[in-house]
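Undergrad: These are the residues of each chain, in order.
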Amino acid sequence: MRYTIEEIAAALDATVLGAPGLVVTGAAEPAEAGPDDLALAMDPKYSDGLARGGARAAIVWEGADWQGLGLEAAIVVPRPRYAMSGLTRLMDPGPEIAPGIHPSAVIDPSAEIGEGAAIGPFVVIGARVRIGRNARIANHASIAEDTVIGDDALIHAGVRIGARVTIGDRLFAQPGAVAGADGFSFVTPDKSRVEEARASLGKETKAVNASWTRIHSLGAVEIGDDVELGANSCIDRGTIRATRIGNGTKLDNLVHVAHNCLIGEDVLLCALVGIAGSTKIGNRVVLGGQVGVGDNLTVGDDVVAGGATKILSKVPAGRVVLGYPAMKMEQFIQASQNWRRLPRLMEDVRSLKKAVSNEDTDD
Amino acid sequence: MRYTIEEIAAALDATVLGAPGLVVTGAAEPAEAGPDDLALAMDPKYSDGLARGGARAAIVWEGADWQGLGLEAAIVVPRPRYAMSGLTRLMDPGPEIAPGIHPSAVIDPSAEIGEGAAIGPFVVIGARVRIGRNARIANHASIAEDTVIGDDALIHAGVRIGARVTIGDRLFAQPGAVAGADGFSFVTPDKSRVEEARASLGKETKAVNASWTRIHSLGAVEIGDDVELGANSCIDRGTIRATRIGNGTKLDNLVHVAHNCLIGEDVLLCALVGIAGSTKIGNRVVLGGQVGVGDNLTVGDDVVAGGATKILSKVPAGRVVLGYPAMKMEQFIQASQNWRRLPRLMEDVRSLKKAVSNEDTDD
Amino acid sequence: MRYTIEEIAAALDATVLGAPGLVVTGAAEPAEAGPDDLALAMDPKYSDGLARGGARAAIVWEGADWQGLGLEAAIVVPRPRYAMSGLTRLMDPGPEIAPGIHPSAVIDPSAEIGEGAAIGPFVVIGARVRIGRNARIANHASIAEDTVIGDDALIHAGVRIGARVTIGDRLFAQPGAVAGADGFSFVTPDKSRVEEARASLGKETKAVNASWTRIHSLGAVEIGDDVELGANSCIDRGTIRATRIGNGTKLDNLVHVAHNCLIGEDVLLCALVGIAGSTKIGNRVVLGGQVGVGDNLTVGDDVVAGGATKILSKVPAGRVVLGYPAMKMEQFIQASQNWRRLPRLMEDVRSLKKAVSNEDTDD
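In order, the protein sequence lines correspond to chains A, B and C. In case it helps, our numbering puts the first sequence at residues 741 to 1103. In case it helps, our numbering puts the second sequence at residues 741 to 1103. In case it helps, our numbering puts the third sequence at residues 741 to 1103.
One thing to keep in mind: the hints can contain errors.
Copies of the same chain look alike in the list, so a pair counts if it fits in one copy or across any two.
Only pairs whose alpha carbons sit at most 25 Å apart, straight line, appear in this in silico BS3-like list of lysine-lysine [unchecked claim]: (1) LYS1068 / LYS1054; (2) LYS785 / LYS1020; (3) LYS785 / LYS1054; (4) LYS1054 / LYS1020; (5) LYS931 / LYS785; (6) LYS1020 / LYS1068.
No lab work stands behind these hints: they were computed from the structure.
With these hints in hand, go ahead and build the complete structure from the sequences.
TA: Right, dumping it as structure tokens:
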């Protein structure tokens, strides 16, 4: 693809300095940029890189001496990270999926697929499925019976959408994502050891687990608009009602959302996050990589949990947490430093005991 | 589907009150139930929901005033959670897979498939595979050569069963599950840094890792009866002998079981659990979400590990553990509270040192 | 397959004792070995097993009385674990994929595939893909446009290689592995709560997360020679430049490598490891199962991190770490023991305070 500096600046709602008609074909880091690349140099630390690389045009920081840096054209943006969004959207070629429906796809005659679809080889679409306009569905995706998907979906290779799942507009589903597996829910005829252990906080229990009987998942999964499902991520269906994922929420790779969970809007779940059954996550929550949340809990709106936080009890809205178990972030940082000092602390206490006991003896 | 209250009660071995012939078509939470739904109101806390919803029939708690709650029929069950099992099994429509073998499936002529099979599009079944009766195999599943699977298997879309794996009756495999990948086993010509670090408990080591050479996996995977494999879960084959999963054991989504592991019977492995190589897990063990177990360890029968427990050494039978490293649950809870109090404790010790030192000086 | 003891010894560069022409058909643990198995008895602890089993030949420890143990032939190796590599490579039958290209595969006419390929059913290969010699590609694998893969690749069922990915020689990709999903990168128009929380170390923030806008991934994934990708593992593409995996690096099942990461050579990433965006991992690093590494960090060469270590800050080269947050392994072990002793320590400090305060009062 070819883009003029003017076109790029317009897409970013940004200011052009220098030659607006200069053409670039891609973006690159400043030191690696060639003459046809737009260098991304949004910070003064990239001055050296710009000098080493061969870019003629760049996105630069505010106040940069673009001419002194040897550029013929520059784009200035107020919030560089946000500008990356517009720039990369403009330049992303997207996956190559031929327009129309590949002859090898197996699509039930009762399925309704909107205009503008591109459906790849070996896609399977079940009975009574409804898919909106401009769907791009890559090879090997499976969409089971009675599922409804909105407009402008991009579904990558090998995605599995289970029966009766509903999804809003503008879905991004990365390869191998699974929405609508059965929930992990089993029960014993009598009270199980797990139930007793929870009730007694782990004190010795007398129950013996018998064989587990399956509770089937009759509920579906309901997913809002503008949701992203990461590669090999999994969302289980609910037991009676649906598991829900709110508008604007993004799941990273290998995330697990269990049955009956209610995930709010504009939530970020980073890679390897696991959320256990029937837990409620508020709006705008951000859970870092490998965060775990126990079952039947509530995480309030705007909570931020740092990487690997293990949430074992309710978290009030707005809190920033870290650790296992989760605590306020500053508390975790301080306590971690102290943890490393524990050996010396224990030594101090031993000395104090000796000193005080000697005094006692001395008296 | 349509069910009379009498049919449902019979399936649950439960008592009917009121109109046994009343028909329902599904189950719902009390507040969301319509006139054709069976409301699930097994606890007095659902009284208000029942009043708000439109159900004419419900499963109710023992002693409920079902007529006062406006119901025409009620089912009373002694252990509500267990009743969910029978009810959901009765009402689960299961995946729509047309009877017989889809013409696009590639099945080796030497494979033997029992009566009553329903095999979907693009399924691949290798040479000499034997599958029992009533198998339901959804689209895109792959079953490699010499694998044996028992009766009544339900294999969802995109499941990968490797060569020479053996599986008992009543398998449930969720989408994307992998049984029989190669083990993660590599070796260096000379002793590696990891081997030295383990031997010295992390003290500085002199070894330098050279390139890793692969130890191939000659063993298979042996899976018992009544096993469930979660979405995108992985079980690796053994090095010389098989990795084993006992009867009645259930794996949740994204669980990893490494080469040579021996997992007992009626074990629950919740989502994102990882069990490293050659570890033995006893019978009736329950590992919560994100639990990790190191390699070459033994976890005794009936152990329960809470969410995110990291098991780095042997756990005796019957223990309830939590934490990183794993400790008794009550110990973890107490120590976690104390951990948060560490800053104050350190302050106290500083004051004590000062006080005692002053006394010493005063003397 | 049939192997003489002499052939096996030659493959291992090892010494034969006894009958070099004796034939075995497989390998087994000593106690389970039959007369056609090579028993693997590299340690004196296997003496009893050898006696109980029926092997006529074995790999034995140095100095073993192989005749006294009832063997007709024995192979002696200096480093048994390393010998496993040669032995298992020799005996691994590999997956059955018929030579040539299965007629159901959909291969773009512009793709170039080297000599000796075996490509299974339903494989999809995109435009302009180049694959080297002797590729074995199992059923259902997808290789997207413009991807380049070297010689001798073994790609298992359902692997997804995204567009423009480059991979060296001798790739092993286990079922369901994904290389080249989009990075998880989102931005808000104004500074987000996460950005503020990081800057203030978790102190209360005023920002409110608005909806997330996607930063698309224009970069690819570059993978070196001799790399292994575990089952359902995921590597995301870079934002502007490629995510890189060095020569000889091995990823276990369910590993996540985020956008822009630079992973060195001969690295081992065990199951469920997650590495956040733009992090650099040095050469010969070993990360145990469930290890997490935060974004924008550097982990130096030869670092070893034990299972479930959570790396939240830079780790210098050569360090052996454990814990959350990561600390030196010996420090973790000592502090963990102390952690369990915290309750008693607090009791001691309470007593000391009382004692010292009494003294003060007494004075």
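Undergrad: The structure should be examined with respect to each hint, and the outcome stated for every one.
TA: Going down the list of hints, with the structure as the test:
In this assembly of identical chains, the alpha carbons of LYS1068 and LYS1054 lie at most 25 Å apart whether taken from the same copy (13 Å) or from different copies (22 Å). In this assembly of identical chains, the alpha carbons of LYS785 and LYS1020 lie at most 25 Å apart only when taken from different copies (19 Å versus 42 Å within one copy). In this assembly of identical chains, the alpha carbons of LYS785 and LYS1054 lie at most 25 Å apart only when taken from different copies (21 Å versus 42 Å within one copy). Taking the closest pair of Cα atoms, LYS1054 and LYS1020 come within 25 Å of each other only inside a single copy of the chain (10 Å); across copies the shortest separation is 34 Å, beyond that limit.
In this assembly of identical chains, the alpha carbons of LYS931 and LYS785 lie at most 25 Å apart only when taken from different copies (21 Å versus 63 Å within one copy). Taking the closest pair of Cα atoms, LYS1020 and LYS1068 come within 25 Å of each other only inside a single copy of the chain (20 Å); across copies the shortest separation is 28 Å, beyond that limit.
Checked against the numbered hints given earlier, the structure satisfies every one of them.
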